[in-house]
Amino acid sequence: MSGLELIFIGLAVLTGGSGLLAVTSPRVVHCALWLVVCLGSLAGVYLVLGAEIVALVQLLVYVGAVVVLVIFALMLTRAPIAASRRLDAPPGQRYAAALSGIALAAVLAGTLLYALGDDTVAVQQGQGSAAGIGTAVFGAWVLPFELLSVLLLAALIAALAISRAGADPEVRLNSGRDGGPPPGPAAHPDGPVQ
Amino acid sequence: MIHLIGPAVLASALAGIGIYGMLARRNAVLVLIGAELLLNAANVLLITASALPPGGLAAIPEPGRPGPTELTDPLLSGQVMAIFVITIAAAEIGVALAIVLLLFRSRGTVDLTAVEELGEASRTYTENPAGYPEPGPRPRILSLVDPIEAPVAASGRATGGDSGRNEGPR
Numbered sequence: 000m001s002g003l004e005l006i007f008i009g010l011a012v013l014t015g016g017s018g019l020l021a022v023t024s025p026r027v028v029h030c031a032l033w034l035v036v037c038l039g040s041l042a043g044v045y046l047v048l049g050a051e052i053v054a055l056v057q058l059l060v061y062v063g064a065v066v067v068l069v070i071f072a073l074m075l076t077r078a079p080i081a082a083s084r085r086l087d088a089p090p091g092q093r094y095a096a097a098l099s100g101i102a103l104a105a106v107l108a109g110t111l112l113y114a115l116g117d118d119t120v121a122v123q124q125g126q127g128s129a130a131g132i133g134t135a136v137f138g139a140w141v142l143p144f145e146l147l148s149v150l151l152l153a154a155l156i157a158a159l160a161i162s163r164a165g166a167d168p169e170v171r172l173n174s175g176r177d178g179g180p181p182p183g184p185a186a187h188p189d190g191p192v193q
Numbered sequence: 000m001i002h003l004i005g006p007a008v009l010a011s012a013l014a015g016i017g018i019y020g021m022l023a024r025r026n027a028v029l030v031l032i033g034a035e036l037l038l039n040a041a042n043v044l045l046i047t048a049s050a051l052p053p054g055g056l057a058a059i060p061e062p063g064r065p066g067p068t069e070l071t072d073p074l075l076s077g078q079v080m081a082i083f084v085i086t087i088a089a090a091e092i093g094v095a096l097a098i099v100l101l102l103f104r105s106r107g108t109v110d111l112t113a114v115e116e117l118g119e120a121s122r123t124y125t126e127n128p129a130g131y132p133e134p135g136p137r138p139r140i141l142s143l144v145d146p147i148e149a150p151v152a153a154s155g156r157a158t159g160g161d162s163g164r165n166e167g168p169r
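Chains A and B are the protein sequences, given in the same order. Just so we're aligned, residue 0 is where the first sequence starts under numbering that gives the first Met the number 0, counting upward by one. Just so we're aligned, residue 0 is where the second sequence starts under numbering that gives the first Met the number 0, counting upward by one.
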C-alpha cells in the first residue's frame, strides 16, 4: 500500500463521514458546513487521482459558490438555527430511505468491484494540468463547451424569471388574467373564512 | 500505483448517502444537498475513469501483455466531463433555489410535506390550487408563423366575406 493510497483512504473516510453528517445533522447550518468539508475533501481526492484543475474548479464552484447559495437559501427561508426535528421525515420513511440508499450503494459497489477487481493504475501527475485541460476543452470539446455556456445563461434567466414571478404586479399569481373571473370573496377557492 | 476499488467504493457510498438525503429530508434545501452529493458521486467515477490509460480497463498493463502505447488520453474525457458536470450542477442549484424561494414566498414554508396538494397522489390535489389564475385561452404557440400566414388567411377571408356579402342582397 503506497503513501498515495493512504492519503486517499484518509480523504475518502473524511468525505464519506462528513457527507453522512451533512444529510443527518439536525441543525441546518451544520448540514451546510459539513457539506463544505465533504466537497473540500473531495477536491483532495481529485488531487490524489491526478486531476488538479478539476480539484480547483471543485473548490471554486462548489465550496465557493454552491455552498454560499445554499447558505443564502437557508437564510432567506428563515431556517431554524437550533436543532429541529422538523427537518427529517417520520421514522418509517427514514428507514425506507436508509434501506434504499444502502441498496443503491450495494448494487453500485458490487457492479464496480466486479468490473474493476483489484486492478491498479499508475496516476500520472500532471495529466490534468491547465495546459492539457485547456487544449482539450478548446480543441475537441469546444462545441459542448459553448453549448454549456448557453445552458448556464438559460439557467440564469430562468432563475431570474422564476424569482420575479411573485414580485411583478403584472404577473402576480393572485391577479385574475383577462378572461378569468375577478378575484373576490365569492370566488375565493379556500372557501369562506370562519 | 493506486487501487481502483477505493474510488469505486467512495462513489457508491456517496451515491447512497445522496439518495438517503433526498428521501429522508423534509426541508427542500436539505433535499438539494442530497442531490449535490449524488452529482459528486458521478464526478468521482469520471475522475477515476480519467486515470485509466486510453482504452480503459482493457488497456491496463498486465504481466503477459504489452502496456499501452500512449500513457494519457489526449482528450482527457473524464476530467472534461467532470468540469461539465460541475457547471451543470451550478446551473441546476441556481434554478432549484429560485423555485424553493418562490415556494417559500407563496406558501411561507419549505417543508415538502406541508405542500402536498402540489402532488397528484394527494386527496386535495387540484389542477388550479388556491390563488392561481383560472386557465385562460391557450397561448398561441405558433405566433411566429402568424405574420406570414395571417395576410393570406385575412385576404382569403376578406374575399370570401366580400363575395358572400355581395351575393347576399341579390
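Everything labelled a hint here was simulated from the structure, so no lab data went into it. From the three backbone atoms N, C-alpha and C, an ideal C-beta is built for every residue, glycine too. Any given hint could turn out to be false.
Unchecked claim - To be clear about the criterion: a stretch of chain B counts as covered by chain A if any three or more of its residues have a C-beta under 8 Å from a C-beta of chain A, and this derived list gives those stretches:
hint, region
1, 2-9
2, 35-41
3, 47-61
4, 85-93
5, 99-110
6, 114-120
Unchecked claim - Quick look at which bits of chain A chain B covers, simulated, 3 or more residues with Cβ under 8 Å:
hint, region
7, 2-12
8, 16-22
9, 25-36
10, 55-65
11, 79-92
12, 124-135
Going down the list of hints, with the structure as the test:
no., hint, verdict
1, 2-9, "holds (count 8)"
2, 35-41, "holds (count 3)"
3, 47-61, "holds (count 7)"
4, 85-93, "holds (count 9)"
5, 99-110, "holds (count 8)"
6, 114-120, "violated (count 0)"
7, 2-12, "holds (count 5)"
8, 16-22, "holds (count 4)"
9, 25-36, "holds (count 4)"
10, 55-65, "holds (count 6)"
11, 79-92, "holds (count 5)"
12, 124-135, "holds (count 6)"
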